[in-house]
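Line by line, the protein sequences give chains A and B. All residue numbers for the first sequence refer to our numbering, where the first residue is 1 and numbers rise by one. All residue numbers for the second sequence refer to our numbering, where the first residue is 1 and numbers rise by one.
Hints are computed from structural coordinates only; laboratory data are not their basis. From the three backbone atoms N, C-alpha and C, an ideal C-beta is built for every residue, glycine too. Mixed in with the good hints there might be a few duds.
Label-pair restraints from in silico Cβ distances [what the hints assert, rightly or not]: (1) A:Arg20 <-> B:Lys49: 52 to 60 Å; (2) A:Leu51 <-> B:Lys49: 16 to 24 Å; (3) A:Pro169 <-> B:Lys49: 33 to 41 Å; (4) A:Thr363 <-> B:Ala75: 53 to 61 Å; (5) B:Asp14 <-> A:Val433: 38 to 46 Å; (6) A:Val343 <-> B:Ser2: 29 to 37 Å; (7) B:Asp26 <-> A:Asn342: 22 to 30 Å; (8) A:His26 <-> B:Asp26: 52 to 60 Å.
Here are some of the chain A residues that sit facing chain B, going by a computed Cβ distance under 8 Å [what the hints assert, rightly or not]: (9) Ala41; (10) Pro44; (11) Tyr134; (12) Arg136; (13) Ser268; (14) Thr283; (15) Tyr287; (16) Tyr288; (17) Val291; (18) Phe292; (19) Arg296; (20) Gly298; (21) Val302; (22) Glu337; (23) Ser338; (24) Asn342.
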Amino acid sequence: MSLISLPFLFILPFVWIIFRMVKVTHRWVVLLLFSMLFIGAERPYALLVVLGCSLLTFYAGKFIGKGQQARTLFFFAVILQFAALLLLKYVESADIGLRFQFKETGFRTDSILYTIGFSFYTLQHLGYLIDIRYGRIEPEKNLWHFLLYSAFFAKFNAGPLERAQILLPQFRASEPDKDDLSQGIQRIILGLFKKLVLANRLAPIVERIFSDTPGMGSLASAAGVIVFTIQLYFDFSGYCDLAIGTARLFGIRLTENFSFPLSSTSISVFWRRWHISLISWFTDYIYYPVVFGLRRLGYWAVIAGIICTFLLSGVWHGIGKTFLIWSLLHILYLSYESISKNVRVGWSGRFKGGWYAGVSVLTTFSLVCFSNLFFRATDGAQAKQLIYRLGNAPLGSEGWEKGFLAPLAGGGYQEALFNLFVAIALSFFFLLVEKRVYNRIETGKRSLLQIAILLIFIFILGVFNKVDSFIYLQF
Amino acid sequence: MSQTLEELNLVFCDVFRNKALVLSPDSNASTIEGWDSLTQMLLVAAVEKHFGITFTLNEVMGFKNAGDIVTTIDASLSKKVCR
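So that you can see chain A by itself, here it is in the shape it has in the complex (with noise of 0.2 Å):
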């Protein structure tokens, strides 16, 4: 199920009221149910995977806890979930018997193995029993409220990631105040908008760039890998939007997975502000063990950092020379960045008047830009078309129309340039008053007009085919 899909949305309302009605010890019993629902409604064997994978990691971090073998059974442990993992993402089962596909993209989301959201849940169990193992948590006590922490449906199936001991306590006692309803509709209502009006609007737009279009120029190949930094961006926080809102609903605080990363002054705050709970899952589990254990040896500790957790981040995302090169870039940014930090630091001191953050701002855009260019790339070849279009004459062969306008508006009707200033107006518009938008929103301030704004444009201008194909959820 997804968190978009019209029978969510249907049953939602009947949840909260339950909920709501059931004493506050007992809700999570509520929550756990829906959640088991929610997992299986569509994938009943989905749910048999979750079910097992939890019962492993309660179990092992109880015994590991406990101090019981506990060097073998958490790396037993921890190896069952990596092949569980590499199971599920990787390998297809065919009629011929089960065969790895190390393709390009490297997932089988039609195998079915295939779970969504369990890359997600892995990395959530693998920290849980790293946590214990090391003595920074305790082991859950309660197997019941686990099974919560693994499976609650509104973080499921694309995070954010969350860390046991912040979220399991909330459990115990939910109790949503008014602030936590308004809020959390609130910020439904802007997930949708993101999703429906933004990033569906713009998927078009991306999808005729990336495919092979003839005559065309690099103003409009490079347009197009803009905006699909821009759409990747509206989908996946629209879909965190949907999912922090949700759990609001019912007095639950996820973690913050964005804030803001499109105006990132350097790459290392852009990995601080884009999909913060993944990249600080690989900065506490692989990053700091990785730099500390090497850290006499200086800058070479913290590039050797660099490496692992950007190498381990790509295979994440996929198997494939696509993601290879994407992780290879940010090993390079990101590096680059560490050894001149303090030199670009007295930059940033000379140049007064906010040039230098606004020449940084877009140096930093432009580099996740064409770094995203491998991320969305199908296959090595498609990524190498495009980076030769980067190379063609402005506006191709044949002009601004057809080597600009045409490719990017769907051949140049007039519904395609609508769908196409509309889009391109209504993302740069909402980029530049979206830090007010949220404000407003975590202030507390009830703006019943810009509720009402974004209703109505969800409405007039939502495009609601392929309304549950968040990018995210491949992952």
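Starting from the structure of chain A, add chain B where the hints point.
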């Protein structure tokens, strides 16, 4: 300013190449320019070398501000003296 904080201030000035940097127990990554995950372990290595102590990974991951570092340094130094 405690003796440990003063010495820690010198290490910070050296790592961040900023002689004007003034540390308080509340100083953290958002108040000191350049203090982030890229520089955190360089700082840890420099502090360990300066005070002649060794941190554990759990201690380092618990550092939220300069005050946390000072507390851990003092605890490590007193353990060292006891030995």
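We went through each hint and held it up to the structure:
no.: 1; hint: A:Arg20 <-> B:Lys49: 52 to 60 Å; result: 58 Å, holds
no.: 2; hint: A:Leu51 <-> B:Lys49: 16 to 24 Å; result: 50 Å, violated
no.: 3; hint: A:Pro169 <-> B:Lys49: 33 to 41 Å; result: 39 Å, holds
no.: 4; hint: A:Thr363 <-> B:Ala75: 53 to 61 Å; result: 43 Å, violated
no.: 5; hint: B:Asp14 <-> A:Val433: 38 to 46 Å; result: 43 Å, holds
no.: 6; hint: A:Val343 <-> B:Ser2: 29 to 37 Å; result: 32 Å, holds
no.: 7; hint: B:Asp26 <-> A:Asn342: 22 to 30 Å; result: 23 Å, holds
no.: 8; hint: A:His26 <-> B:Asp26: 52 to 60 Å; result: 41 Å, violated
no.: 9; hint: Ala41; result: 39 Å, violated
no.: 10; hint: Pro44; result: 40 Å, violated
no.: 11; hint: Tyr134; result: 6 Å, holds
no.: 12; hint: Arg136; result: 6 Å, holds
no.: 13; hint: Ser268; result: 6 Å, holds
no.: 14; hint: Thr283; result: 6 Å, holds
no.: 15; hint: Tyr287; result: 7 Å, holds
no.: 16; hint: Tyr288; result: 6 Å, holds
no.: 17; hint: Val291; result: 4 Å, holds
no.: 18; hint: Phe292; result: 5 Å, holds
no.: 19; hint: Arg296; result: 6 Å, holds
no.: 20; hint: Gly298; result: 6 Å, holds
no.: 21; hint: Val302; result: 6 Å, holds
no.: 22; hint: Glu337; result: 7 Å, holds
no.: 23; hint: Ser338; result: 5 Å, holds
no.: 24; hint: Asn342; result: 5 Å, holds
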